[in-house]
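Two independent chains are provided; combine them into the complex using the hints.
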Amino acid sequence: MEFCGGHTVTIFRYGIRQVLPRTIAMVSGPGCPICVTANADLDKAIALSQIPGVIIATFGDMLKVPGSHTSLQRVKANGADVRTVYSTMDALKIAEADSNKSVVFLGIGFETTAPTIAASVLQAEEKEIGNYYVLSLHKLCPPVIQAILDSGEVKLGGLICPGHVSAIIGSHPWEFIARDYGIPCVVSGFEPLDILQCVDMLVAQIENGESRVEIAYRRGVRPEGNQQALKLMEQVFEPCPARWRGMGEVPDSGLKLRQEYQRFDAELAFDITLSPAYEPVGCICGDILRGVKTPLDCQLFGKTCTPQYPVGPCMVSSEGACSAYYLYGEGFGG
Amino acid sequence: MCLAIPAVIKLIEDREAEVELGGIARRVSLWLTPEAKVGDYVLVHTGYAINILDQEEAKETLRLLREIAEVAEEEG
Chain A
1 MEFCGGHTVT IFRYGIRQVL PRTIAMVSGP GCPICVTANA DLDKAIALSQ
51 IPGVIIATFG DMLKVPGSHT SLQRVKANGA DVRTVYSTMD ALKIAEADSN
101 KSVVFLGIGF ETTAPTIAAS VLQAEEKEIG NYYVLSLHKL CPPVIQAILD
151 SGEVKLGGLI CPGHVSAIIG SHPWEFIARD YGIPCVVSGF EPLDILQCVD
201 MLVAQIENGE SRVEIAYRRG VRPEGNQQAL KLMEQVFEPC PARWRGMGEV
251 PDSGLKLRQE YQRFDAELAF DITLSPAYEP VGCICGDILR GVKTPLDCQL
301 FGKTCTPQYP VGPCMVSSEG ACSAYYLYGE GFGG
Chain B
1 MCLAIPAVIK LIEDREAEVE LGGIARRVSL WLTPEAKVGD YVLVHTGYAI
51 NILDQEEAKE TLRLLREIAE VAEEEG
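The listed protein sequences correspond, in order, to chains A and B. In terms of this note's numbering, the first sequence opens at residue 1 and continues consecutively. In terms of this note's numbering, the second sequence opens at residue 1 and continues consecutively.
Certain hints may be false.
Claimed, not checked - Simulated restraints on C-beta separations:
{"hint": "1", "chain 1": "A", "residue 1": "VAL154", "chain 2": "B", "residue 2": "ALA25", "range": "37 to 47 Å"}
{"hint": "2", "chain 1": "A", "residue 1": "ARG212", "chain 2": "B", "residue 2": "VAL71", "range": "24 to 34 Å"}
{"hint": "3", "chain 1": "A", "residue 1": "ARG212", "chain 2": "B", "residue 2": "ALA69", "range": "21 to 31 Å"}
{"hint": "4", "chain 1": "A", "residue 1": "CYS240", "chain 2": "B", "residue 2": "GLU35", "range": "23 to 33 Å"}
{"hint": "5", "chain 1": "B", "residue 1": "GLY23", "chain 2": "A", "residue 2": "ARG13", "range": "32 to 42 Å"}
{"hint": "6", "chain 1": "B", "residue 1": "GLY22", "chain 2": "A", "residue 2": "GLN259", "range": "35 to 45 Å"}
{"hint": "7", "chain 1": "A", "residue 1": "LYS231", "chain 2": "B", "residue 2": "GLY23", "range": "27 to 37 Å"}
Simulated from the structure, these hints should not be mistaken for laboratory data. Backbone N, C-alpha and C define an ideal beta-carbon position, used for all residues, glycine too.
Next up, chain B with everything else stripped away, as it sits in the complex (with noise of 0.2 Å):
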């Protein structure tokens, strides 16, 4: 239930944007992260953009995961 998606931010009108999901382009509320800007990932819970995504921690826990899957595949 407290399934929450990425999608990137495409453009913003007032406190609505319109984000990216999977290819499909949706309306998602701002009311929460007011301070979202286009081009950043967020975070989209029932319709609102519930945080920010951090692209930086993003890149580093995928070159984490990256790293995990490449010794799981040695040992293999």
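With the rest of the complex left out, here is chain A (with noise of 0.2 Å):
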């Protein structure tokens, strides 16, 4: 199983399931921040958008991502001030220029994200910015992944560990899924012949009856990881209970904000009251997160959902499996 959502559209624009013998399966995994956001978090996103003098600054993937009855593109075109950002400077810049308004950032991604919202959050304190809040809706890899195993859904033989999230959390917290699952593991980095060297590593392991976590990744990853982005993501940030799509809620596997900083957090500066969230009929995300099931399995794939209309996260987000199948091509065995 490719982890990372980068790693599936590298596999798939380069054709690398095609050149692979057909004695390997590639799966790809949870590893898409926009696609794990469970429909009720992101409705929590869309009610702040109505809140009067809220600005909602976000990374742009999460724009057209449908809610349960809505997106933030539409919220957007129906007058709610939503405003895509580049980054959480960006983002702390708008709320200097417009103190009378209220900035909330979505915090979506993995460990790879985590570290820059902590940083904007101290640099929020530093310069004395009361009108910044973040939504924290973070999520961490190894928790999901032994959530994955432990379902035992998915058998998988060999395991690419996601790149960037390792430059910052390192190889040790992969070290339990050789350890007591047996499952090998490499970090890959993100070039076609990265991938291949991994899937080489992988089969090595394999062959010699060995389940050890390797680094093909080495020029951008070392095994303690960054050890200044892990300090400020602990000094602003604790694990939680967190909801992913398809999976439920999966403990210690979200991050919330620490009670030193909670005069940072949306979700108790504001007021927000949800409508039962639920899921379009027909999708099947959530399995197609798991690796339980592939887009070709899905009745709405390429027909009521596509790129242009999408009806799933998968499909919206540039590194969803349903966007890589449906811009790459089909199946290829994998």
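Printed below as a string of structure tokens:
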């Protein structure tokens, strides 16, 4: 399984499934933060956008994702102040420029992104920016892999570990998978040859009857990760249960602001009332994210669900499995 | 979403750096990589340098990748 949506895109874009022997089947994992954000959480972001005086600042990928009833793009078209930013630094600038408004940054992302959001909270504190808030919907990768393995729904021969998540957390947090589940793990880069090298290393481990964690992406990943980034992340956030699309609540797989930084917590600062969340009828994104089904198993795929009119998040995100299948071709025996 | 792009640091001012990204100069934050120096290659993710690239490892990986590509061409 390749955990990361970035790897999924490389595998499809360069036809890696076609060049691999038929004995190797690639399974796409849940490594797309947009795809795994539960509708109930997306509904919170949309509800916040309806509060007068609130500016929603978000990475652009989130705009088109349909929540239970609407999307950020649609509420923006109807007049809500939703702004796409490249970085949390841009969101801070918006807050500084307009102190009468409240800026809520949508904290969506894995361990790669969470330290940048922690840094933005610390910068807001340092500069005494009182109108900057974070809706913390971060997700942590190792706990969800554990949940997938414990479910027993998919049997994996090897795991391609995410490269840029590992740039932050290092390779040690993956060791329990090799040790406790006997699954070889290799941290990979994002070039097509990086993936092939990684598959080669996984096959070598399987042939030798080994299961350990190796780093193929050594130019970007050190075993200990980025200690400064981890320090900031731990200073600002603490683990909490999180809802994953298709997987439900997974213990310790999310991040919430620590008590010292709760004044930045958008959920505490604003009163949000939500109607019950629901999933689109027929959408199997949840099963696809667990690696149990492929987009080809979905009745909506390529018919009512396309990149232009996406029904589920795996079609919206450029790193979603459905989007990759749609853009680069289907199946290829994988 | 975890996309990160390598870029070289041209100058450093306080906790920000100017990097060259595909021929374009851009400001990035060094909050996560305070030890970065001018000339270092860093991985840039959402405006932050999230790691300093190991140049020796990068060269070794490039050599390995070239070797794989050559083998593929010979077999091609």
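Hints, verified against the model:
1. VAL154(A) with ALA25(B): 37 to 47 Å: At roughly 45 Å between Cβ atoms, ALA25(B) and VAL154(A) fall inside 37 to 47 Å, so the hint holds.
2. ARG212(A) with VAL71(B): 24 to 34 Å: holds, 25 Å
3. ARG212(A) with ALA69(B): 21 to 31 Å: For ALA69(B) against ARG212(A), whose Cβ atoms are near 27 Å apart, the range 21 to 31 Å holds.
4. CYS240(A) with GLU35(B): 23 to 33 Å: Given a distance of about 31 Å, which is inside 23 to 33 Å, the answer is holds.
5. GLY23(B) with ARG13(A): 32 to 42 Å: 23 Å Cβ-Cβ, so the 32 to 42 Å window is violated.
6. GLY22(B) with GLN259(A): 35 to 45 Å: With Cβ atoms ~42 Å apart, the hint holds.
7. LYS231(A) with GLY23(B): 27 to 37 Å: For LYS231(A) and GLY23(B) the Cβ distance comes to about 34 Å; the hint holds.
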